[in-house]
Structure formats: C-alpha cells, structure tokens
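Engineer: Sequence:
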Amino acid sequence: IAGTEEGVTEPEATFSSCFGQPFLVWHPVKYAQMLARKMQENNVNVWLVNTGWNGGAYGAGKRISLKYSRAIIDAIHSGELQDAEYSTYGVFNLQIPTAVSNVPAKVLDPSRAWEGTTEEFNGTISKLAHLFLANFKKYADKATPEIIAAGPRL
Numbered sequence: 287i288a289g290t291e292e293g294v295t296e297p298e299a300t301f302s303s304c305f306g307q308p309f310l311v312w313h314p315v316k317y318a319q320m321l322a323r324k325m326q327e328n329n330v331n332v333w334l335v336n337t338g339w340n341g342g343a344y345g346a347g348k349r350i351s352l353k354y355s356r357a358i359i360d361a362i363h364s365g366e367l368q369d370a371e372y373s374t375y376g377v378f379n380l381q382i383p384t385a386v387s388n389v390p391a392k393v394l395d396p397s398r399a400w401e402g403t404t405e406e407f408n409g410t411i412s413k414l415a416h417l418f419l420a421n422f423k424k425y426a427d428k429a430t431p432e433i434i435a436a437g438p439r440l
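Going left to right, the sequence shown walks through residues 287 to 440 as the working numbering numbers them.
One or more of the hints may lead you astray.
Cβ-Cβ distance ranges computed for the label pairs, FRET-style [said to hold, decoys possible]:
#1 Gln368 <-> Met320: 40 to 50 Å
#2 Lys353 <-> Val315: 36 to 46 Å
#3 Ser373 <-> Ile434: 22 to 32 Å
#4 Asn379 <-> Val330: 31 to 41 Å
#5 Gln368 <-> Glu327: 17 to 27 Å
#6 Leu310 <-> Gly365: 26 to 36 Å
#7 Thr300 <-> Ala436: 13 to 23 Å
#8 Asn379 <-> Arg349: 19 to 29 Å
#9 Asn329 <-> Ala420: 19 to 29 Å
With a Cα cut of at most 16 Å, we get these calculated EDC-like pairs of lysine to aspartate or glutamate [what the hints assert, rightly or not]:
#10 Lys316 <-> Glu432
#11 Lys413 <-> Glu298
#12 Lys413 <-> Glu296
#13 Lys348 <-> Glu296
#14 Lys348 <-> Glu405
#15 Lys316 <-> Asp395
#16 Lys348 <-> Glu401
To be clear, the hints were calculated from the coordinates, so they are not data collected in a lab. Source: prediction; values computed, not measured. Where a beta carbon is used, it is the ideal one built from N, C-alpha and C, also for glycine.
Work out the full structure, taking the sequences as your base and the hints as a guide.
Structural biologist: Here's what the structure looks like:
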C-alpha cells in the first residue's frame with residue numbers, strides 16, 4: 287500500500303516469478319512447463335481471479351470487495367463458470383465471464399469498472415502491458431513460442 291514506506295506516494299508494479307522468485311532453483315520456464323504438464327495429465331481447469339485492484343488508478347479505484355471475490359470463487363466451485371459465456375479481454379488476451387451470480391458485470395470487466403476517462407484507461411493498460419513485456423525479457427531466452435504468444439499484445 288502506497289504511503290506505508292517513507293517517500294512512497296503511489297503503488298509501484300512489482301513482478302515475482304511464480305510468486306517466489308528468491309526461492310526458485312530453476313528457470314521460471316521450467317516451473318511453467320511442469321505446471322502445464324500436471325494440468326494436462328490431471329485434466330484440470332485453472333482460473334485467474336483478480337482479487338486486487340479495480341475501478342481506476344490509485345486514488346480513484348479500490349480493492350475488489352471480499353463479497354465479490356467470494357462469489358467468483360463460489361461460481362468456480364459450483365461449476366457456473368464452466369458453462370458461462372466469455373468475452374476476450376484485448377491486450378492481455380484473457381477470457382472474462384460476462385456474468386457471475388451476485389457480482390455486478392461492471393466488476394468483471396476492467397474497462398467498465400474504470401472511473402476515469404477512456405484515454406486514461408487505455409494509457410494504463412498500455413503501461414501495464416509494457417511493464418509485463420519488459421519484465422519478461424529476463425526469461426524469454428528459454429520461453430517456448432506458446433509462452434511468448436500468451437503475453438500481452440500491443
């Protein structure tokens with residue numbers, strides 16, 4: 287949270303491979319390949335759930351409410367999301383459900399939740415995509431074409 291450290295007035299993007307970079311023994315691509323193999327062997331679905339920030343830049347947006355995060359997790363567990371309709375989320379090529387029980391549609395789509403201008407939103411998305419791509423350069427040497435294709439598209 288910005289302001290908890292002296293001189294920090296706005297949140298800064300940080301990246302950590304596999305959420306544990308200091309503890310990784312192997313290259314992150316090896317972990318990605320191991321995870322993909324286990325997912326295929328066990329025929330599992332994986333869900334990326336935004337339980338973090340939504341609705342705008344720091345100072346305008348806010349954390350997604352725990353009530354909505356729980357409703358999304360409930361929809362995963364009940365199988366509701368397995369049969370849901372999805373829209374593709376541009377730059378990041380993510381599939382976003384168009385509806386989830388007990389969650390406003392606005393919360394599901396970052397562009398609809400954004401409280402600033404369209405230009406501010408597009409600028410923020412572009413900035414985030416560039417940050418992802420710059421960070422990924424550290425790992426691209428061992429990445430497969432499939433991994434590279436899954437990254438942001440500008």
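Engineer: Are the hints correct? Go through all of them and say.
Structural biologist: Quick rundown of the hints versus the structure:
1. Gln368 <-> Met320: 40 to 50 Å: Since Gln368 and Met320 have Cβ atoms about 25 Å apart, the given range 40 to 50 Å is violated.
2. Lys353 <-> Val315: 36 to 46 Å: Check passed, 37 Å falls within 36 to 46 Å.
3. Ser373 <-> Ile434: 22 to 32 Å: 24 Å, holds
4. Asn379 <-> Val330: 31 to 41 Å: Violated, at about 21 Å.
5. Gln368 <-> Glu327: 17 to 27 Å: Once the Cβ atoms are compared, 20 Å apart, the range 17 to 27 Å for Glu327 and Gln368 holds.
6. Leu310 <-> Gly365: 26 to 36 Å: 34 Å, holds
7. Thr300 <-> Ala436: 13 to 23 Å: 20 Å, holds
8. Asn379 <-> Arg349: 19 to 29 Å: Holds - the Cβ-Cβ distance for Asn379 and Arg349, about 25 Å, lies within 19 to 29 Å.
9. Asn329 <-> Ala420: 19 to 29 Å: Given a distance of about 35 Å, which is not inside 19 to 29 Å, the answer is violated.
10. Lys316 <-> Glu432: Satisfied, since the Cα-Cα distance of roughly 14 Å is no more than 16 Å.
11. Lys413 <-> Glu298: Judged against 16 Å, a Cα distance of about 12 Å means the pair holds.
12. Lys413 <-> Glu296: Answer holds: Lys413 to Glu296 is near 15 Å, not above 16 Å.
13. Lys348 <-> Glu296: Holds, at roughly 13 Å.
14. Lys348 <-> Glu405: 19 Å, violated
15. Lys316 <-> Asp395: With Cα atoms ~32 Å apart, Lys316 and Asp395 exceed 16 Å; violated.
16. Lys348 <-> Glu401: Holds, because 10 Å separates the two Cα atoms, which is no more than 16 Å.
Violated hints for the displayed structure, listed by number in ascending order: 1, 4, 9, 14, 15.
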